[in-house]
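The listed protein sequences derive, respectively, from chains A and B. For the first sequence, the positions run 1 to 497 when this note's numbering is used. For the second sequence, the positions run 1 to 311 when this note's numbering is used.
Rather than coming from a laboratory, the hints here were simulated on the basis of the structure. All values reported here derive from a predicted model rather than from experimental measurement. From the three backbone atoms N, C-alpha and C, an ideal C-beta is built for every residue, glycine too.
Just a few of them, taken from the derived set where beta-carbon distance is under 10 angstroms, the chain B residues facing chain A: (1) Val176; (2) Leu181; (3) Asp188; (4) Glu190; (5) Ala191; (6) Ala192; (7) Arg193; (8) Ala195; (9) Ala250; (10) Gly253; (11) Gly254; (12) Ser304.
Spelled out, the chains give:
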Amino acid sequence: MKSTPLLELRQLTKSFGGARALRGVDFELHAGEVHALLGENGAGKSTLIKIVTGAHQPDDGTIRIGGETVSSLSPSSARSLGIACIYQQPALFPDLTVAENIGLRLEGASAVRRIDWRAREERARTLLARIGAVISPDAEVRTLSMPEQQLVEIACALGAGARVVIMDEPTASLTQKEQHLLFGVVRELRTSGVGIIYISHRLEEIFALADRVTVLRDGQTVGTSPVGDINEAGLIRMMVGREMTQIYPPSESAPREVVLSLRDVGCNASGVQGVTFDVRAGEVFGLAGLVGAGRTELARVLFGITPADTGEIRLNGEPIRPRNPQDAVARGIAYVPEDRRKHGVVLELPIAHNMTMAIHRRIFRGAWLRPDAERALALDYIRDLAVKCFGPDAPGGSLSGGNQQKVSLARWLATKPRLLILDEPTQGVDVGAKSEIHKIIRRLAHEGLAVLLISSDLPEVLGMSDRIGVMRGGTVVDILPANTHAHTVMAAALGQN
Amino acid sequence: MARYFRELSVAGALALVLLGLAVFAPAFYQPQPLLSLVTREAPTLIVACGMALVIISRQIDISVGSQFSVIGVCAGLLAAKGWPLGLVLLASVSIGGVLGALNGILIAGLGLPSIVVTLATLVTLRQGLNLVRQGEFVNLPDGLQWFGLSQSGGQWTLVIAALVILVLLGWGMRHVAAGRLVYAVGSDAEAARLAGIRPQLYTFLVFVFMGALTGLAAMMNLVQSPQVQPLSGSGLELKVIAAVVVGGVAISGGRGTLWGVFAGLLLLACIAPALIHLRIEAYWEKAIQGGIILLAVVADGVRSRREGAGK
Chain A
1 MKSTPLLELR QLTKSFGGAR ALRGVDFELH AGEVHALLGE NGAGKSTLIK
51 IVTGAHQPDD GTIRIGGETV SSLSPSSARS LGIACIYQQP ALFPDLTVAE
101 NIGLRLEGAS AVRRIDWRAR EERARTLLAR IGAVISPDAE VRTLSMPEQQ
151 LVEIACALGA GARVVIMDEP TASLTQKEQH LLFGVVRELR TSGVGIIYIS
201 HRLEEIFALA DRVTVLRDGQ TVGTSPVGDI NEAGLIRMMV GREMTQIYPP
251 SESAPREVVL SLRDVGCNAS GVQGVTFDVR AGEVFGLAGL VGAGRTELAR
301 VLFGITPADT GEIRLNGEPI RPRNPQDAVA RGIAYVPEDR RKHGVVLELP
351 IAHNMTMAIH RRIFRGAWLR PDAERALALD YIRDLAVKCF GPDAPGGSLS
401 GGNQQKVSLA RWLATKPRLL ILDEPTQGVD VGAKSEIHKI IRRLAHEGLA
451 VLLISSDLPE VLGMSDRIGV MRGGTVVDIL PANTHAHTVM AAALGQN
Chain B
1 MARYFRELSV AGALALVLLG LAVFAPAFYQ PQPLLSLVTR EAPTLIVACG
51 MALVIISRQI DISVGSQFSV IGVCAGLLAA KGWPLGLVLL ASVSIGGVLG
101 ALNGILIAGL GLPSIVVTLA TLVTLRQGLN LVRQGEFVNL PDGLQWFGLS
151 QSGGQWTLVI AALVILVLLG WGMRHVAAGR LVYAVGSDAE AARLAGIRPQ
201 LYTFLVFVFM GALTGLAAMM NLVQSPQVQP LSGSGLELKV IAAVVVGGVA
251 ISGGRGTLWG VFAGLLLLAC IAPALIHLRI EAYWEKAIQG GIILLAVVAD
301 GVRSRREGAG K
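Please construct the entire structure, taking both the sequences and the accompanying hints into account.
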């Protein structure tokens, strides 16, 4: 393209602790361009955005805005240089009106001045009209829907004279009709000379909306191409050309009887619909899909957190419909959740308490706790899972991420489940602990458990699973065998064939 | 008018009570007792205005009663020493500002929860005062009561002063940027930060302002009697928080107006005299006030639930 780019990034790098999030990213954005940014979960898109908005500082590399090299970028300097980001969760004042929200963003923080309500309302009306939004300036923001709040954010960005607008998965929570409205707004912005960085997993959106697309993989720019010069298969190839960096323990057990059988299972509240598959004893069934595809939601349905309202769930041939987690546990389902810190290990409590938390009824005799029984059980699991700790009385918070995960796992194994659901079991865990956890998963399957493995780490799903269910839009769209190629899985996850 | 629905419904309830009194107990409207009633509530109104700001900014200050007592005694001692009225007034407002700043530093500066910080200052100030004064009354010099005016002259002065402050603050909270920023900080501190507003600064200033208004209110209380009671402010915090909540200020911050607080305060203040005039046992006062508070909280809860479900 001609002219100086609005935004130019050269060889950006960024590490967090030991993990290298960006390893040399190049990117440029021109005025009047919609530039899509595409990449697998964890490819580095969010880190890139946070650097551009000034939330993170790069370790190395060059940022040029309008041709000028910028040495450091803070959130406020980024904003004054005309960079605005529309997040999925808008940062608005819920109790104040639309006009006031826009006003507070644009008027600056000076405290001693008269508020001109009429001018505020007029400006809000003008800005909203420019993007074709039908929202009353008088409405309180908390009464607006999520997409309406996004439109208010866009109006703020426009009012602030933004030249670069970043949209992070803007359509994630929108209906078809709302999407159309939003696309119209994006096109309007492009015509007025704004450069838009558009992040989305939905390829059809990228082809419908973007001028160019840049693909990131493992923190590096794989390539940039005009949308007209590339097809879906090409994009997918660019996204997944990742080599296997880990050796996974081989599957050694022949699958036995069916443990979990789902027929057309759905849950309106969480968007899960028409899920059908079986998991056998001795089998690791992987669930692949992009963020928001409904994998965790499905796990929560099976565990009774958001109970199913349609379809049939059978466990060991018996029809069940878990109403709540206690019910699910009683029937032999265990769920090791995604976010250890929030839902998993209680950092203040000793390891032993953490491990027996789900089986209090067995550890208690009447009202009396049996510390000896609790301790014995904890010691068993510490040995069995090779938890590195100072004994069962050490607090959960004293453990590394991988060992916390093992404690979380022990808690659910103690319930003697038939079905074990693991949600991102190795997220934030170092490589050594990761491979230990993989071996444990394999062994548990070998001992006869049915394992449902949810992971955003595509090589992990491919390496660990006997079969892979690919989810998209709340349902399982494809079931693939173990030796599937990564890019077949990615194509299914993105909805392409 | 939908914006002021909550305020109007409190005003409606107040109007009903006043109308009921006009029909069943016209004696309530005798000018002198009524003026005395309103005068007694004038200091409370000033503290309630400050409390409204604190709660709008999503904090709370339960130490105002103790502050009020301490400032009352200090101001009384200064007046007894012969300080002129103007200087005593300045001193009370300043002492209030300093006490508020102490709360503000702990809450905004260190990020401590306001309920715990102000509980600590409530107890410390009250016990400190007890220890130093041993419950002694302060006798005020002649000529201080009612500013040396006639009783009704003094009463009118206080009532008008309180109303002027109410109107200025109520107007400022809507039409001056600083007022709107208090709402913004209370509605979502993180969003405020992103909009370039400094939430800690506003939280601090709101507490200083709360203290200064408490100082002013203590002064307005002082001139109503020839003596200062050592515990003149005990229970004041509950009274003003009740008025603020009944007046429609959301305890979760960001919502409500001083007009509502005014109506809420009058509504609660009418209950006791209304009971006397209607010859109902005075025991019922607290029960009825409690019922009104409960009703207000439940109404707000139902309303915000319904709005949340409408998304």
